[in-house]
Every structure is written in structure tokens, then in C-alpha cells.
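There are 2 protein chains.
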Amino acid sequence: MNKELRPGAWPDGKEQTQLVVWAPLANKLTLHPEGSTETTALQPAEQGYWTLTTNRLQAGSRYKLSVDDGQPFPDPASRYQPEGVHGPSQVVQLEGFNWQDHNWQNLPLEDYIIYELHTGTFSEEGNFAGIAAKLPYLKSLGINAIEIMPVAQFPGGRNWGYDGVFPYAVQNTYGGPEGLQQLVQACHDAGIAVILDVVYNHMGPEGNYLGIYGPYFTEKYKTPWGNALNFDDAYCDGVRDYFVENALMWFRDFHIDALRLDAVHAIKDFSAVHLLQQIKQATDVLMAETGRTHFLIVELDLNDTRFINPQEKGGYGMDAQWVDEFHHALRITAGGETTGYYSDFNGIEHLAKAYRDAYVYDGQYSPHRNKKFGIPALDNPGKQFIVFSQNHDQVGNRMLGERTSTLHSVELQKLLAAAVLFSPYLPMLFMGEEWSEPNPFLYFVSHTDAELAEAVRKGRKAEFAAFHAQGEAPDPVDANTFQQSKLQWQLLEKTPHKTMLAYYQGLIQLRKTHPVLRSTVRKGLSVAGDKERNCLVLFRTNGQDALVCLMNFSQQAQSFKLPGEQAQYQKIF
Amino acid sequence: MNKELRPGAWPDGKEQTQLVVWAPLANKLTLHPEGSTETTALQPAEQGYWTLTTNRLQAGSRYKLSVDDGQPFPDPASRYQPEGVHGPSQVVQLEGFNWQDHNWQNLPLEDYIIYELHTGTFSEEGNFAGIAAKLPYLKSLGINAIEIMPVAQFPGGRNWGYDGVFPYAVQNTYGGPEGLQQLVQACHDAGIAVILDVVYNHMGPEGNYLGIYGPYFTEKYKTPWGNALNFDDAYCDGVRDYFVENALMWFRDFHIDALRLDAVHAIKDFSAVHLLQQIKQATDVLMAETGRTHFLIVELDLNDTRFINPQEKGGYGMDAQWVDEFHHALRITAGGETTGYYSDFNGIEHLAKAYRDAYVYDGQYSPHRNKKFGIPALDNPGKQFIVFSQNHDQVGNRMLGERTSTLHSVELQKLLAAAVLFSPYLPMLFMGEEWSEPNPFLYFVSHTDAELAEAVRKGRKAEFAAFHAQGEAPDPVDANTFQQSKLQWQLLEKTPHKTMLAYYQGLIQLRKTHPVLRSTVRKGLSVAGDKERNCLVLFRTNGQDALVCLMNFSQQAQSFKLPGEQAQYQKIF
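Protein chains in written order, with my numbering: chain L, 1 to 573; chain U, 1 to 573.
None of these hints come from the bench; they were simulated from the model. Treat the hints with care, as some may be off.
It does not matter which identical chain is meant; a pair holds if it fits inside one copy or across any two.
To be verified - When the alpha-carbon atoms are kept at most 25 Å apart in a straight line, the in silico BS3-like pairs for lysine-lysine are as follows: (1) Lys139 with Lys494; (2) Lys571 with Lys371; (3) Lys486 with Lys139; (4) Lys371 with Lys28; (5) Lys134 with Lys28; (6) Lys414 with Lys371; (7) Lys498 with Lys28; (8) Lys458 with Lys64; (9) Lys3 with Lys458; (10) Lys371 with Lys220; (11) Lys371 with Lys3; (12) Lys313 with Lys523; (13) Lys313 with Lys561; (14) Lys486 with Lys461; (15) Lys531 with Lys134; (16) Lys461 with Lys498; (17) Lys371 with Lys222; (18) Lys28 with Lys458; (19) Lys14 with Lys134.
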């Protein structure tokens, strides 16, 4: 898009600020600087944008905007909401940050070993500085990429991040935009890449003022969270550019290495150029300009390679996707519950298929979905698939938020970790799993709107009504629910947590150094599932070296016959 | 799909009929043969189907079905509704027809010269026999493919066809299934291919009993005609198979050469395999089995080559699509109104772009749509685009249904015809344009539901409220409105109709025989639009022969400077 019309407040570092707001149906758009009763009108520009170059705003100034003389509200492209979602927006000079990561180069995607974390509960401090303080620890663990759950401004101070309503503003309670810039700087200093989770499929329910400014939403499609964002209806260009520019902002102004785009199956877009493709094209242009590399990773629940195929093959060009199916098959194999979406998975056979084909459902009838589902992903390299034995959703969407630590034996936890790290896919850990953190990761919010808070509370109770035998769903609004979800770093000194950490360190080290394990080439992989004994034999070779991984998910010791001559094998782990 | 589960009644030609009905949520499905109070239960089979092999039905038997002991209704896959949409279904042995077209071979797509017709108003008889009687005339005109507007059973006897509610049943008042088979036979005898218009994006409002049998509809998407057909929600497999098998039925049992799929942009499907792709794959299998060739042509309002690109390029593999934009640009150039969707078109420059690029909007901002629209179609051959100077929609969606015959001079009508036939795209005529038929083609229905009829009547009036200066919108329910829309064959004897027909005959003959004009290769085409003089110079060459087409849309005589040496040119038309 026209660079002059990128939404937001752009201070020039001296005296003036250029304000750009998209409001295609407005007749009047007015700036309300904080602490002044004098307002200033913006001028209509092309494509539904309004602009104003003013010396009434500088970096640090706070302001609101009004449409057609209505009540003033924050800027939809606010870079900072120092007083939360309902307060004024603050001008920030993002490019003023003193970057020292000129020597940083993003890692090759196939080398990523990802660690998903939630800023509020990862550290005692619950902010970016708290993460930065733990970087030496993360480095010693061996991971080389952190994935930060969404940081776009949400209501209150406690939220997973999926209720964000200001995609351009970094959560004030986490440390705001400069706090995130400092964290990325520190990560790059430590040789760690940063993946940021962004939500382009819906807006949270509180503090969502977008509709006041323009047709950000459409009634054409329904999503689980209400009307869909308008990506292909009239006036969609401004909405599309709003998110495309948002993606570019993280790369350009925050040096984020990769985005994890939340639930892209809920981005309803029948345009000739899909929003994701447009983001990919814009990212390619930016990368050519800066010489830096950025990846686009999607959470995708469609088993449709169109999203991850290159554009020349008719795809949207995403670099990689999450594969929940590997998780589901793995957890069923480990003896987990078989209700809900787990009911589609039969354990060891589906786990074997996940190793072999990435997608478990690639055309078969899915009983849970009541339809045939997916297409084969045979030509996509392993580095396009991200796998895990738990993540924020799989833990937090349980009524009691239990991690595998409280569901499975230490030995089984170790097996789950190995199953992930020995796969030809990109492994991802969820914060604390490496020391078998016993605290849950619960669902929590801190809506300041009392009615909404009560609705969320009731909704959560209703969702788990069938599980009342297992206890009550913890109150998501209660600050204790958040507090209980924090990691207990002091456990690291104790057994069995210490031992588990050492195990993970060894496992990750092996993944990073073994010539077969470090590769995400899928060729040379074969797998045999033994349903009766609940065991799986994973064989991988790169033509030169070979490796057999014996996974015993049963409760008994099992003996295996190795392929070929036994004598040639050497136990490495 | 499993051939044993293809929906409908399948008489074995002897004593028994196999009945297959999809009703995945039913607990009981019951056959009600006409003239008997004794019912018979169907048996549940796999995938939500119910089956029954019975000697209570033979070819010619009439029946209804009831779900869970409710009121009996016709079969959703009825092959014939002899008493209309609310009456019983009748068993038909489609494969019993005595085909004599073994030597028929479909024409190459690039040779198609299409003639769109509406069965009810094309001939005085208003049925398939009426069309068959005119085949010698159509042959003498020079067209080689007729495109029949939808014939799926609709309420009453007067309808464009887009209110059909039994996709498998051929309209009783047109001659039913055997009437259509006889017409196709006669066409093939005459060397004419048959394209059938089918509607897979919605169902008509009256006699639509599908919802009683299963989740044919979804609330996920909205269409202009209410809830969308369920192509990607739970239980969609049965709905998808219902339409895929429908497409195959026309090819297999009616020897239809090509389908024209109505408004496929309204088929909302985010599955990994799009419905159209599934139809293409099934058609490929059928073609391999029978050795016959069938084309899939779509009406598409998205300017998205994904629909017409081959599957190996990530496309849906459709053979061709309608291009309304060529029509809009042409009509504006000819001096037509610039309201509504026409407002996006500027005349000669856009017409030049349509000749050059097929899509006028291939990424530009469209003021009428209030968004950027389309992608370039540079790599798609000309035979993938169907163009026209009028069609049933462009005529009939005008309040007074005027053809160009009553809007433009004879000379301009001739120019419009040449503009279409000299393009590198597949030309299509709308019935009667070749003799400048003055009768309108109006919007008409004959709903038997009085309330619905009144609603349509009011809706039509409201739609054209702004045009009251031009008169009243004719009453769509009035039989006279239908009657007024019939072609007047007697005019063919008179001037200027006779002259116009001779002109069209000459033009079509030239299109079919000139080495440059008969080609749909887009390479070698160049075009220059002269906005000031409202003229267009179209230059086409195949490397050997070359041709210049001078189009003067202005009211004055104009002189042209031909490219190269004037002397080398020879006037051919």
C-alpha cells in the first residue's frame, strides 16, 4: 500500500506527527489531544483514509479520535494504550529504538526448536523483563526460538491474549512497545529467535472500537466469535491493509523473526488474492528491502496444503503450520481421554500415520466432523509442520488446565518429549513442561466490563457442566486462577523436576547434533505401529546414518526386534 | 462415491427398483407408493443413506417418502415430477433410452459458437420438441452449441429455471426426461453440442423439501437467496455427492456435452477439495470410462483464475468461464446506461482491456464493489472465456427486459455482434438476437404458492422503484409477461430481421472459416482504443495471416490509419 497511508501516528522525532486513520464512511474525523479541549480536524485523503500533520502531537502525547462528532475513542492503530483498552492512545516513535542486533541472522526454519510461553505467567514479574531474565536458562535448555502468546492490548492485566483489541499496541502491563523491543534485542543477543502469536481472525469483545471507524466486520460469514472480520466484502481493502501493515510492523519495528498467525481457518476470504497471500507478498518485499528473513507460521485446522504450498503452485506461501493431529494421536496413544475432538483418533496407528504423512486425516471420513476431511501433504517438507505434546490450548482448554505432568508418569512424560523431538517436524515445548511443572495453565481473563466478566464466568461453567464430577471449572475472572497458572521456578532445584530438565537438555542436544535427527527431510522415514503392544518403531535414515527409535507406550516392558543386524546398532539415548 | 449409493430410484428394467435416499439424521424412512395405503420401510445403509430394493416400484410408478413418520414428500433425487414440485415422484429408467448418437463426438471447446436459449419462450410450443423443430434453422445460422437455461423442475410452468428444486428431475412442462433425451439426440444428429445450465449454489423457495431429508443447508454463510447449501459443514459429504452425481447424470444419462454451472462464486466451500474440483475429478473418471468428452463451464464473478486453472497449478480445473466484464465494457462503449454495476466501466479503454487481458479488473480498485478486485489471467487461453453482447441476465434483469434490438440502431447491433465474434474468446448469442427480435425477455415466474407469488411481485416492483419514470415493472406472475417474452419467428420473413439474420450468418461463417478468427489463441492480438473518437482497432495475427478489425462506436464516420502498408489489406467483411 501507499506508505504515506500506513495507519497510526508517525512522529517525525522533531516536532510533528503525521496521523493516518482509515474511516471510509466518516464525514468528519477529529483529533482530541489529551489535556486540551481544543480539537483538530483530520483531512480526507484517498481510499477512505484521513490524515493530519500536526505539532499538537509528539512521541509521548496522548490522544483520542472522534467520528462525526461522536464520543472520542482510542486510535484503532494505536501503538500504545498506557491506561488500557478504554484509555487514550499514546504516540510512540517505534523507529527510535536503539537496535544493536545488526549481526543477528534468523535461524534456518528447519533448525527451530520452539518454546511457547505466556508472558504473564512465565515469570514471577509477568512481563517482558521477566522473560529476558530467563534467557540464560532458556539457552541452557537448548531451545533457540521462543513463541510469545499474543501481546496486543487486551482488557485488564490477565488474559491469554486472544481477547486483544489493539493489534498495533503492545500490552501495557507487559512493558509496552519498548519492553518488547528490549526483549527481542536480548533474545537476539542470546542467539534466540522470536516468534510472535498474532490474531487476525477476530477481535476481543471488550474495548473493540473498530466498528466505529469503518466496516471492519462483515455479516457474510459467522465465526465462533461473532461476525467475521471483513476481508472480502465492500471496503475490505482498508481492513486487509490494516492487518498486512500490522504484520510488517512486527518485522520492521520489533525485529520479530516469525509470526504465528492464530486460527487462520477462521479468516474467511474468497478474494482472488487471499489475505495470507497478500501478507506473504508484502513480507517478501520487506525482506528484499531489509535483507532480513522472516517466517509466516499458521495455526490451521483444515488439513489443506493450499495454505503452505508455494504461490507458484497455487498456494498462499505460508512457511509452516501447526499440526494438532500429531498431538491428538500422541495423547491418545499415551492413554488420554477419547472425548470431543480426540474421538477421531485411535492411538498408535494414527500416530504412525502422523509420522508418515503429517496429516492424519487426508481425505478420510472424520466421525467427529461428520465429513471427509483433508488432502494428502506428501510433497511438503517436515519443516513445514510444527508438533508438540502439549501447548497453551491443549492444556488450557481442559477444565482444570492440567499439564501432562499431573496426568502421566515421569517415564511417560519423557516418552512424549522424545516422540516430539525425534519427529521429522519442528518441535515445540510449552513453558514448564521441561521440568514437569505441576501447576495448571488455566483459562483466565480480567475484563473490566462486569457484565462481560460474568458472561465469561458462566460460559466457562456451562462448557464444562458435564465434567462436574471432576470438580468445578475455576473462575476465569478470579485473580487466583491466574496466579495458580504461574510457573514455579523454585521447583527447578528439586527432584524430579531437576532430573526432567536434564533429560530435556540431553534430548534437545541430541536433536540438534545428530545428523539424522536434526534433519526435517521426510524421505528415509518409516514407521511401524504395533497396536496390540501399543508400541511404535520409528526408523529414520539420511542414506548414510540411520536411527531406530523404539517407543513403548504400554505399561509393560517390551522386547523389539530391530531391522537388520542387531549388532550394528548403538544405543545413543 | 460408492455406486450402490447413488441417490434416486433405479429400476432394473424388469420387476424391481432400488431406492437410495440420503437422510443421515433420520430414524425412519418410509416409502409411500401412490395408490396404496401400505408403506414400506427403507433400511439404513452406510454414510447416512437408506436403501430399499422393492418390486412395489417399476419404471412409471409414482411415490413419496416420509421421514420419521412425518408427512410424505417427493424424493430429493426424483427423476421426474409429472404433477409438479409438490406432487409424487415418478420412477424413470433413464438408461432405457435408445441412443443413436454413437458416432457423435463433442466439438473441441475452441470451436464452440454458443446459442443461449430458454425452452419456454424460444418456440411457440415452449418445450424441448419446439427446440428440436428449430434445429435446421440453428444449423443454417451456423451456431454449433446450444446452451439450455435450467430445466430442473420448478414450480408451475413459467420460470427462467433458477427456482428449480429438483436438480435430478427434468421440468414436466418441457417434456420431462425423455423429452430432453430426444432433444439431445436430435442435436447430435444435427452436429450441435448441448450445454445445460445447472444451479448448484441455491435452491428455489417453493417446493424445496431438501431440509426435511438432511442438513442440505448451513447457516455458516449467507447468500442472496438465504442460507447457503452445505458444502463444507458437518454432513456435507452427502450434499456434495448429491451434486457431483447430478453432474454425472447429465453427462451419462442425457449425453449432455457441457454443463454451465450457475454463479459458482455463491458456492461457499472452504474444504481442502472444492466442490468444483470434486466434480472435475468425477467427470474425468466418467470420461475415461465412456470415452466421451464433457466440458465444465462456470458463471464466475470473482475474476479469479483459481477456478479455471488446471489442478496441477492449484486450480479447480474448470474448462471455461463466462466473462460479464466484456459485456459491460462493450455495452458502455455502445452508449448504454452507466448505473449499477455498469458504473465500473469506462467504455472503449475497458473494452480494449477486455480484448487484451480477458479480465478488466485484475487487481484494480473497483468503485462499484468498493474494493480491489481480481487477478491477471494472462496465461489462460482465449477458449476459457465466454463473451456475449447480451444474455438472459443482461436482458432480463432490466426492468423492461429490452434486448439491444430496441435500444440500439441496426448498425450498432451489427457492430456488437462483430465485436463478440471477432474476439479471441468463445462467442455466445442470446436467442433471437440474430434477427433483432424486438420482444423483451422479461422476468417471469409461476409460483403456485400465492403468498410467495405476491412477495416476488412486490420485490420486483421495489427493485425498480427508482425507474418509475420509465413505466411499471411488468408483473412477473402474470402469464402475459411470459407470453410477451416469446420469440416471434414470423418476423424472420420481414425486414430488417431477415437482413440481420443474413448478417449474422455471414459473420458466423467468417468466424468459423477464417484462420485467424477461428483461433482462440490470444498471442498475436493487439488492440488500440481511441477514447475521443470512441473507436477501437483490433489487430490479430497467427504469424501467417493477419486481420484488422475497425470498430466505430461513434455516431460519425471515421477514418483509420491501418498499421503497415494499406495496400496489403483486403476487405473481407
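Right, here's what the structure says about each hint:
| no. | hint | verdict |
| --- | --- | --- |
| 1 | Lys139 with Lys494 | within (20 Å within a copy, 92 Å between copies) |
| 2 | Lys571 with Lys371 | neither (44 Å within a copy, 62 Å between copies) |
| 3 | Lys486 with Lys139 | within (21 Å within a copy, 81 Å between copies) |
| 4 | Lys371 with Lys28 | between (50 Å within a copy, 22 Å between copies) |
| 5 | Lys134 with Lys28 | neither (49 Å within a copy, 63 Å between copies) |
| 6 | Lys414 with Lys371 | neither (35 Å within a copy, 53 Å between copies) |
| 7 | Lys498 with Lys28 | neither (62 Å within a copy, 61 Å between copies) |
| 8 | Lys458 with Lys64 | neither (33 Å within a copy, 47 Å between copies) |
| 9 | Lys3 with Lys458 | neither (45 Å within a copy, 49 Å between copies) |
| 10 | Lys371 with Lys220 | both (23 Å within a copy, 16 Å between copies) |
| 11 | Lys371 with Lys3 | between (45 Å within a copy, 18 Å between copies) |
| 12 | Lys313 with Lys523 | both (21 Å within a copy, 24 Å between copies) |
| 13 | Lys313 with Lys561 | neither (42 Å within a copy, 44 Å between copies) |
| 14 | Lys486 with Lys461 | within (22 Å within a copy, 65 Å between copies) |
| 15 | Lys531 with Lys134 | neither (42 Å within a copy, 68 Å between copies) |
| 16 | Lys461 with Lys498 | neither (36 Å within a copy, 79 Å between copies) |
| 17 | Lys371 with Lys222 | both (20 Å within a copy, 21 Å between copies) |
| 18 | Lys28 with Lys458 | neither (40 Å within a copy, 38 Å between copies) |
| 19 | Lys14 with Lys134 | neither (37 Å within a copy, 81 Å between copies) |
Of the numbered hints given earlier, the model fails hints 2, 5, 6, 7, 8, 9, 13, 15, 16, 18, 19; all others are met.
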